[in-house]
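**Q** Go ahead and model the full structure; you've got the sequences and the hints to work with.
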Amino acid sequence: MITIKNLHASIDGKEILKGLNLEVKAGEVHAIMGPNGAGKSTLASVLAGREEYEITEGSVDFDGQDLLELSTEDRAREGLFLAFQYPIEIPGVSNINFLRTSLNEIRDYKGEEQISAKDFMALVREKSALVELDAKLASRSVNEGFSGGEKKRNEIFQMAMLNPKLSILDETDSGLDIDALRIVANGVNKLKSPENATIVITHYQRLLDYIVPDVVHVLYNGKIVKSGPKELALELEEKGYDWIKAEVDAQ
Amino acid sequence: MNELIQESKVAAFVEHLPQTMLAIDKELVSKAIATIKTTDFPTTRTEAWKYTRLARIAAISTANQTAREGKNLSREDIHSSYQITKDGLTFVFENGVFRSDLSSGEFPAGATIKPLTGCTKEELAIVGKSLTLENEVFNAMNTAYAVDGMYISIQDKAIIDAPIQLIHLITGKNTVSNLRNIIQIGKFAKAEIMQSYFALDAEASFTNVVTEVIVAENAHLTINKLQYEEEGNYHISTEQVDQAKDSTFTINTMSLNGTLVRNNLNIEVNGVNCMTNLHGAYVLKSNQHVDNHTIVDHKQPHCESNELYKGVMDEKSTGVFNGKVFVRKDAQKINAFQSNGNVLLSDDASINSKPELEIYADDVKCSHGSTTGQLDEEAVFYLRARGISEKSARHLMVSAFIEDVVTKIENEAFLNYTHSLLKERFGWDF
Ligand SMILES: Nc1ncnc2c1ncn2[C@@H]1O[C@H](COP(=O)(O)OP(=O)(O)O)[C@@H](O)[C@H]1O
Ligand SMILES: [Mg+2]
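Each protein sequence line maps, in turn, to chains A and B.
1 is the number of the first residue of the first sequence in the working numbering; add one for each residue after it.
1 is the number of the first residue of the second sequence in the working numbering; add one for each residue after it.
One or more hints might be untrue.
Claimed, not checked - In silico PhoX-like pairs for lysine-lysine, Cα to Cα no more than 25 Å straight-line:
#1 Lys-391(B) x Lys-110(A)
#2 Lys-423(B) x Lys-391(B)
#3 Lys-408(B) x Lys-136(A)
#4 Lys-31(B) x Lys-9(B)
#5 Lys-71(B) x Lys-114(B)
#6 Lys-245(B) x Lys-187(B)
Because the hints were derived from the structure by calculation, they are not lab data.
**A** Structure representation (structure tokens):
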């Protein structure tokens, strides 16, 4: 699905990603954990195509395509989805209106027909129910006046609407109470299929009780420094990151 | 430049215009002519015209104004291209001249609606009553050279449900149209008026329209105004409004086309318990210039005024907003809100925004604010990350911004028509 090789990225002349390697196959769930400031959101931003970052080295192959050559919108149209760590509020632009535009532009890109109003509304009903998002919120301005939990659920609602190949969830668990966490995780699990893949970025282990990863990676100082089975998350929860930092710094 | 040369500029401008044939007070006309003789076109040194240059209007060669044939148009043409709603009454003017052949023949009960050329001296006695001529060259020009306009008088207690639609078309090159409207809404009466301005094969033409409005005790008036004259033409519009107690006056001004547009709204709130709503949208591109000058003068207590203007400027366009709210010494318990928001879509676009409050009473609630910014790039990125092209993302954001004020329009037909023009000119969907 996605193969990242020796990725180096910097912002304002400061190198943040320093040779990152990662491979995720269809049907898999990978967790990326790591201390604050390690570069997790940077990785997500670079993959989504944020232009402020300069890619100085490395490559990203997304289902046979050179991802780094695509514009942000084309990445999304090819099936990459980023659930933002801090979803932005867009006053005046309704969720519904924007999602219809989004779906239709994606369909247009693939040479498919526009979605009918009826099918669209049916899809909205089905997918908002999946994340237990109030239908009223679905038609309000994007994230405007939403609580933290509602914003995160709205991200997963959008993900459900767009049905991406690869979803990257950036700290979707932060700021969620246990109920909301369960709802979000449940939504993600229901969307899982052998054809798609998920990267879950988090720095708490608790989300991984609900979304069980196939592989856990530790991102530290701009690199994946350790990878292991899901038990690695529990070990990190227990021992923190200092032992990893020590391991890396010793090398 | 010395006085004499400047004076001859206006004199030359009006030289070929036929003096008004309307049955208005002769003394008023003489006064207007005298004003023109001693007043020049304002320059940017005049505070009220600081950001609006009139050189292009002054440069119009105004000879050959007479003997102009009316355009060959049918009611169907009006209907298909300019009529905003089939309901109601439609009156069409071309270059200030009434086109009865294109206008409605029916009139609702409880109202007198006719062109000014058909009005008596008595009916026109109110012309110029509260309009300032001194130093106001366009008001004076309109008074001395008004060709025609609409006289709308709604009787006390008459509720006119269907909108009264005034369509003004400019045609031809270097045409000068002085249009004068009189609107009187009687006590406890209610009406809605649409004014729309279009150009048809017009070039370097100038519309100077003055509308005098009297809203009597407990009356309700809404004016929906649409300015869509093509680029290359100039438009100055003045609304002089007098509100009596318990009345409501609302005006929605949509300025979407035209090279130079200046709107003067002068609202005198002369009674207690009034409601005044001023909403405006200006969406500009190329080298368009739109200047909104508004004055709300609260002279009596217990009134409310709400003012919201929003603008989007692209390419080399420029906007001006100057909103003055006066609250006089004895006008206690006034709630006055004023807000102006602008988005600049290009580095070459600009806005001069100046909201002003002058408060002489002590028990009032007033607020004003002005914002100018670029589009939120984070939001643009968010939309693109959902597969929306950069262009559509910007359109979504800009239309959301302007929609906030456009949707103040309550009349659905007028709202839809405004949307269709935004789509036609800017490619926006709503
Ligand atoms: N715009 C920026 N300019 C400079 N440094 C930045 C910028 N954004 C993030 N950083 C730095 O990049 C590093 C990684 O940040 P981030 O990817 O957000 O970490 P994480 O998501 O792992 O907590 C941090 O040291 C942060 O300070
Ligand atoms: Mg982060």
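**Q** Are the Cα atoms of Lys-408(B) and Lys-136(A) separated by 25 Å or less?
**A** holds (22 Å)
**Q** Would the pair Lys-391(B) and Lys-110(A) pass a check requiring their Cα atoms to be no farther apart than 25 Å?
**A** Given pair Lys-391(B), Lys-110(A) holds - Cα atoms ~19 Å apart, limit 25 Å.
**Q** Between Lys-71(B) and Lys-114(B), is the straight-line Cα distance small enough, at 25 Å or below?
**A** Holds: Lys-71(B) and Lys-114(B) sit about 21 Å apart, inside 25 Å.
**Q** Holds or violated: Lys-423(B) with Lys-391(B), Cα cutoff 25 Å?
**A** Since the Cα atoms of Lys-423(B) and Lys-391(B) sit roughly 14 Å apart, the hinted pair holds (cutoff 25 Å).
**Q** Is the hinted pair Lys-31(B) and Lys-9(B) satisfied, with a Cα-Cα distance of at most 25 Å?
**A** holds (19 Å)
**Q** Is it true that the CA of Lys-245(B) sits at most 25 Å from the CA of Lys-187(B)?
**A** holds (10 Å)
Checked against the numbered hints above, the structure violates none of them.
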